[in-house]
Amino acid sequence: MNLKIRRSPQTLLVLAEFLEDEQAWRYGYDMSRATGLKSGTLYPILMRLAEHGLLETSWETAVEGRPPRHMYKLTQDGLRYGRTQTAVQRVAAIGEPAFGGVGL
Amino acid sequence: MRPVRRLAVRISEKAVEKASPGCKEWAEGLAREVEFIDSDWRALGWAIGSLRVLLRNPPVPLRNAEEIARAGRLFAGNREHVPPTILLLTAFQLFDNVDRLVFRWGRMDHLQRAGFAIAAASAAYLAVVGWMEHRMGKRPEDMDDGAWIEFYRGEMVRRRDLFSGLGILFPVAIVLMCAGELLGIEGSTRPYLTVCFTAVCMVLLRLVSWPAETFQRKVDDIDTILRQTGRSV
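As given, the protein sequences belong to chains F and U, one line each in that order.
Residues are numbered in the numbering used here as their position in the first sequence, beginning at 1, plus a constant of 100.
Residues are numbered in the numbering used here as their position in the second sequence, beginning at 1, plus a constant of 2.
The set of hints was computed from the structure by calculation and includes no laboratory data.
All C-beta atoms, glycine included, are put in the ideal place defined by N, C-alpha and C.
Check each hint, because a few of them may be wrong.
[As the list claims (entries may be wrong)] With a Cα cut of at most 35 Å, we get these calculated DSBU-like pairs of lysine-lysine:
1. U:LYS140 <-> U:LYS20
2. U:LYS26 <-> U:LYS16
3. U:LYS16 <-> F:LYS173
4. U:LYS26 <-> F:LYS138
[To be verified] Incomplete in silico selection of chain F near chain U, CB under 7 Å:
5. GLY140
6. ARG169
7. GLN189
Construct the entire structure; sequences and hints are all you get.
This is the structure in structure tokens:
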């Protein structure tokens, strides 16, 4: 998948958090608490993912006395993209030699 | 409600009000979350962060006739409440440059005079086009989706025609205005700096969509949806 999304550590953090429970709808504030990202960082990432069709959004059904909340979930493309990107990150982390590598 | 919480709510309401049509839903989503944050100060931090959404301006999705009508309503709402930014900025620029030319003429060299004259002429052109762009036809008074679709398509066609006619040089004029300002700076390197800046901008202009193309694409999207839904174009 060739997407023009900046693969920042924050984006990977968000993708990884969605992959924790792939089928669950997530709220913005809960995502913010789980990832430690502030709203001003989290939402532009969510918006970019949605613009690329990787994230679907929905409004919660209104419950009496509680306003409906906006919810987010990765699409099938998003799940594929998320798995690929987090795998790439893991490989990069393993392949990166500690302290610049030690020649034997 | 405590003052800090009230401030957080006010800020997020403002963000919803000012968000571009493509961001409205996101701004509303952000605003709703404020009510679910226990700490008042954290809610305030969240609301301040939501202002960053205002910096994004993604295109409004146009997938069906209802969304076109919605885009039309948002477009009309934004036009009525948002000041004509381009017009105001360029009018200020024009005033500033004319002021320099009139009152500092004797203290400037030829290059500076030429620079400020180019900047003033470009600003005048941009102000005229900006004013024409900001004007809007009569908005429909009823709630009928058909009327709003017709209104929105009409506005997009008018802008496409403006930017492929009189306003065709709009992006070039922005570059010339900045180049003129650059030429007006004192210093021996400014001609080289101006030439380099203009050359880089002209190359960049080849890479970006020009306004007429953007509006044409929007008209095409609307026409495709209208054809698919069996409405007359």
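Violating hint indices (sorted, rising): Structure breaks hint 7 only.
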